[in-house]
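Colleague: Spelled out, the chains give:
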Amino acid sequence: MVELADRLNRLSLSASAAISALARELREQGKDVISLSSGEPDFDTPDHIKQAAWEAIQRGETKYTNTDGTRALKEAVRDKFRRENGLDFQLNEITVGNGAKQVLYNAMMATLNDGDEVVVAAPHWISYTDMVVGAGGRPVIVPCSQNAGFKLRAEDLEAALTPRTRWVMLNSPSNPSGAAYTRDELKELCEVLRQHPKVLLASDDIYEHILYDGLEFATPAQFDDEIKARTLTVNGVSKAYAMTGWRIGYAAGPRDLIKGMLVMQGQVTAGASSVGQAAATAALNGPQEIVRERRDAFQERRDTVVKMLNECPGVICHKPQGAFYVYPNIAGTLGKKAPSGKTIETDEDFVAELLRAESVAAVHGAAYNLSPYFRISYAASMDELVEACGRIRRFCESLN
Amino acid sequence: MNIVAPRMDRIKPSPTNAASSRAKELKAEGRDIVGLSSGEPDFDTPLNIKEAAKKAIDAGDTKYTHLNGTPELRKAVCDKFKRENNLDYTPDEVIVSTGGKQVLFNALLASVAPGDEVVIPAPYWVSYPDMVLLAEGEPVFVTCPQNNSFKMRAEDLDAAIGPKTKWLILNSPCNPTGAAYTEAELREIADVLLKHPHVWVMTDDIYEHLTYDGFKFKTLVEVEPKLKDRALVINGMSKAYAMTGWRIGFAGGPKALISQMSKLQSQSTSATCTISQAAAVEGLNGPKDFIQSNNEAFKRRRDLVVKALNACPGLHCHTPEGAFYVYPSCAGCIGKTSQGGKKIATDEDFVVALLEEEGVAVVHGAAFGLSPHFRISYATADSVLEDAMVRIRRFCDGLK
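Those protein sequence lines, which keep their order, are chains A and B.
Numbering that gives the first Met the number 0 numbers the first residue of the first sequence as 0 and each following residue consecutively.
Numbering that gives the first Met the number 0 numbers the first residue of the second sequence as 0 and each following residue consecutively.
Hints listed in this document are in silico derivations from the structure and should not be mistaken for laboratory results.
In this text the structure is predicted, and so the values were computed from the model without any measurement.
If a hint is listed, it holds; no wrong ones were tucked in.
No farther apart than 20 Å at their CA atoms in a straight line, the calculated lysine-lysine pairs in the PhoX-like style are these: (1) A:LYS62 with B:LYS23; (2) B:LYS225 with B:LYS194; (3) B:LYS23 with A:LYS258; (4) B:LYS49 with A:LYS62; (5) B:LYS74 with B:LYS254.
If you anchor each label on the Cβ, the simulated ranges turn out as follows: (6) B:ASP386 with A:ARG70: 19 to 29 Å; (7) A:ASN112 with B:ALA344: 34 to 44 Å; (8) A:THR303 with B:ASP228: 51 to 61 Å; (9) B:GLY29 with A:LYS186: 47 to 57 Å; (10) A:GLU74 with B:ALA310: 37 to 47 Å; (11) B:HIS197 with A:GLU83: 49 to 59 Å; (12) A:ASP113 with B:ASP228: 30 to 40 Å; (13) A:PRO162 with B:VAL383: 50 to 60 Å; (14) B:ASP31 with A:GLU74: 26 to 36 Å; (15) A:ARG70 with B:GLU355: 17 to 27 Å; (16) A:GLY285 with B:HIS197: 54 to 64 Å; (17) A:ARG70 with B:ASN284: 26 to 36 Å; (18) A:GLU74 with B:ARG393: 37 to 47 Å.
Beyond 10 Å from chain A on every Cβ pair, some chain B residues (computed): (19) GLU71; (20) THR142; (21) PRO312.
Each residue gets a CB set at the ideal place from its N, CA and C atoms; glycine is no exception.
Generate the whole structure from the sequences, applying the supplied hints.
Modeller: Spelled out as structure tokens, the structure:
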């Protein structure tokens, strides 16, 4: 038996992956499972992007690329930041990885010393804390209440900062809550950071384009040069362009940091797939209407799901302004008995019993460090969503 | 502000990249540069593989896959191990990653604790010691001299193994020498390992299919099946299938190790690109005749290069069994002065002067841990090689 390094014991397999696997298993047993646990759009990659990938293959773009991305893709990223965010970056301030995940992983590995602290607002994407721990750092979790719209408040950020704080991790719109920060809210957080000039800021903007109700997207690097000089702005093509499988993420930030991340990338994987990069270039440079059309479809689903969940006894669902998740509170169901006879004591019990009784797969809030909640991904068809919400209601009504 | 963490100081930027960057600079200045420093075949990916990628794109295989690779690809990998190496692995004993590089990274980061030793025969692929250092292990080098055809002697391996040895990394055929171990030579290595049951072995077989003169490739575990429960057998699509840009590597090994590698991969990148995975399935399951015809070209080029180099005063070039590299000694040039007035004290001086004065880009042996040598990649057109050989000859003739 191979002895594993300690650093591995600090990591866990992602909970949403575990739930998805369980749902797949039940489906294979013939159960009619509706999975609302996935973190990807149900749409397919747009045709013009697919076409660009095929053309790249035919042109023989099948060789190693630069470790930090092809020049064409880095230029497309530069233009995207300028066009959509009003941000100017040089090409050597931009890097490309195998998904935004790798970009963040590289950043943590390249910067964290043992014991360095990273402030993470909960609920949060579980990979943030796992990456921090894997790199020897210490996550400092700041719970964000439903009353505050699941957003980090300036005073809570201030209280969480210590001399050992290396990074603050922001994610707007957020996985798993869908919470999106307004420009003013972000500004307040940046004002706090102004008093802590050594703290770096990672802004995970992967859900940028999935934003509703006319809310205008904002990202911290836009505020001023001082903040920009210590901000890593992370983004990717996965969510906006329905390209999760292609594995292309990117980031822009201070040159020293980008250079350190490049060294890590060179050790972990070298460059991302050449074909994925060609597809991503077409996505960023091409027509953007489809992004807005899909956002409108998501918004309609959000409205339906929030309304139906709020009709379930014991469930209170906040209406978020972005991403394709809702994060309903299930405090009102705790202590009740499920049809199996099991008492629901935690949100994990809730999702397990929901899966068992009604074959609906969702992820428990504990996996995102804020309970008692569960996460629903509404990146599914309206028919499925209506059916699933009906089942959840039936489940909640069956509790006693 | 000092951004990067001390672990980054343990890794050097890749010297092969540094060499090709300088070559690129000179090219941009309008110089006529012949690049022989690249580690990839000049052939394009075969058409049937490209078409399989197209089919996957059209079918909408654009979503997250199973972390360890699609079921189809893992099955194709198991079948490959059985068919080509007579090794039995089940799908949960294999993992697919973003290149053979990530397989190694996952394995080393997952298993090496601070102070653990990893035995690396020198000369070696630069990434091996870098990854070991990044995992806070200690590389222990075993010199493989030219007069032993750049292969590790069993007694040298035995002497290098101590109580802290965790792994041996064996790479046959080898980058940068092209040396490939015969079955009898592997038998001797295996016997040493059998004496040291605490030592694990990873065999990097990425150049498996690139051998010449009827050399019969064997992998260590095939020669000694008793090693299988402490071996990681690494391979990938890059070299034999001319698929470097697609980024698909894979490995077979004990489930306990594979599952920990998977955990690490879930935090750093997730699964690799779906389109590339579909292409790899076709590569492994489809026709292989192009490998034979590519190899005929490689062998012809190897012979051309070895002959020409041995005609250069001060150089001596061994004829290797495989890969697409030769690793000539430049011992006879040390102490001389080039036409351009550069004193040649090291192999690095040799390659720098060769690039500046004759426009030929190669990589110095010090980068691979054995001097005074340099590495030539002959994965380029015959005419380019002929031109390069004329230049190297002229350069050597000019040394005083």
